[in-house]
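Undergrad: Residue numbers (our numbering), protein chains in the order written: chain A, 1 to 184; chain B, 1001 to 1222.
Calculated directly from the structure, the hints in this document are not laboratory data. Nothing here was measured: the structure is a model prediction, and the numbers come from that model. Note that beta-carbon positions come from the ideal geometry of N, C-alpha and C, so glycine has one too. Errors might be hidden in some of the hints.
Stated by the list, open to error - Partial chain B-side listing against chain A, Cβ under 8 Å, derived:
1. P1040
2. L1078
3. T1107
4. V1124
5. L1143
6. A1144
7. F1147
8. I1151
9. I1158
10. T1172
11. V1176
12. A1190
13. G1197
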Amino acid sequence: MTTRDLGLVALMAAVIVALGAVPAIPLAAGVPITLQSMGVMLAGLVLGPRRGAAAVAVVIALVALGLPVLAGGRGGLGVFVGPTAGFLVGWLVAAFVTGFLAMVFEAPEKPTWLRTAQLTAAAVIGGIVALYVCGILWLAFFVKMGLVKAFMVSLPFVPGDVAKAIVAALVTVKVRQAVAIERK
Amino acid sequence: MIAALARPGSSPLHRTAAARKLAALAAIATLLFFVDAPAPLGFAFAAGLAAARSTGVRFAEIGSDLKGPAAVLAVLGLADWWLVDAATAVSVVLRLGAIALFAHAVTVTTSTAELTAVLERLFVPAERLGLLDAARAALTVTLAIRFVPLIVEEAREIRQAQAARGLDGSITALAVPLMVRVIVRAEALADAIDARGFPPERAVVAPSRSPEIRPDREVPTP
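Just chain A, with the same shape it has in the complex (with noise of 0.2 Å):
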């Protein structure tokens, strides 16, 4: 890892934590959501794989310190205990998967409309299947809930994400038309 690697991990688990603290846009259905999740995406979009993962790993690190930088303020030892500990965990797996999607998606002359499109799957294989089947298991197995119940509750958030995916997706072609930045 280069220095500039270590500054734009550094710098995007900030960004992760700091999207956190943005007011959640309440939806129709009076489920709140926040951009914390959209950070996630981004930050396997915009980074890739590695550094992305280490820019949640960063976060998650925060986390553990009992620093309050989850949405909503939460943080702490109590939240890898908590119900929604697979979700947080997930967040690493969600960033490597999405990063790696993206990388493997990226071809520049492309027209925008089929890399935006390209990076909206990639963020949502990413940062929705993979990181909601982490969420899922550990609400099944190790909150006792079992897999259907798990997969009702955490149904409702997914029209959120899948906004979110979308505009990651365009900030990212956006981004990256503005700064030259490698994925990595």
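Place chain B on chain A using the hints.
TA: Just chain B, lined up with the frame of chain A:
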């Protein structure tokens, strides 16, 4: 938000080793997670208040520092009251409140430098396994802590600027400039770190214990 919360002082908690405080915080948070009865949770909340006050910070200041978490707690409590029952709501609020207070007591009394030192020690076993570079990993975490308030401030500035152009509420209008600024700033940050000759000599992280006298060094005279 999380940085610049540490305040100088000489309270018992200020004098306690950072590693001990962190271990205690971890133990308390984990323990409280398994407690549901309101009485012990009420006791923990009172103990948390006492711990936070023992740092020399006044209650009014503690209140304003923890305004954000308190608002979230209120929402969570109301939701639990409405969806489950009052007893659950009381337990949840007391538990999370107690943990927040203890965490605040640690945050107020522990400097970022002390935290880095603890982290570095935790990273050393991973370094032995060749997984990471302890000093660099610790610096990355410290930098993240340091930059959170700045990034939050930047996000707020961008929001204000976009609102002036009638773009308030647009997430892309916030996230694109924020990410671009972060990437540009990371370059400057890397230059600054390199200019300061980081990381320091490896011997600082893991002191050599070998007994032999090295011929290239002067033997200290009494």
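Undergrad: All hints, please: hold or fail.
TA: Against the structure, the hints come out as follows:
For P1040(B), the interface hint is violated, the least distance from its beta-carbon to any beta-carbon of chain A being 15 Å, above 8 Å. Annotation: interface hint on L1078(B) violated; nearest CB of chain A at approximately 13 Å, more than 8 Å. The interface hint given for T1107(B) holds, since its Cβ lies 7 Å from the closest Cβ of chain A, which is under the 8 Å cut-off. The closest approach between the C-beta of V1124(B) and any C-beta of chain A is roughly 15 Å, which is over the 8 Å cut-off, so the hint fails.
Interface restraint check for L1143(B): the shortest CB-CB distance to chain A comes to about 4 Å, inside 8 Å, so the restraint holds. A cut of 8 Å between beta carbons decides the hint on A1144(B): the least distance to chain A is about 4 Å, and the hint holds. The criterion of a C-beta within 8 Å of any C-beta in chain A is met by F1147(B), whose closest approach is roughly 4 Å, and the hint holds. Checking I1151(B) against chain A: minimum C-beta separation of about 4 Å stays under 8 Å; hint holds.
Because the smallest distance between the Cβ of I1158(B) and any Cβ of chain A comes to about 11 Å, over 8 Å, the interface hint for this residue is violated. The criterion of a C-beta within 8 Å of any C-beta in chain A is met by T1172(B), whose closest approach is roughly 6 Å, and the hint holds. Here the hint on V1176(B) is kept, as its CB sits about 5 Å from the closest CB of chain A, short of 8 Å. Interface hint status for A1190(B): upheld, as the beta-carbon distance to the closest one in chain A is roughly 4 Å, under 8 Å.
The beta carbon of G1197(B) comes no nearer than 11 Å to any beta carbon in chain A, farther than 8 Å, and the hint placing it at the interface is violated.
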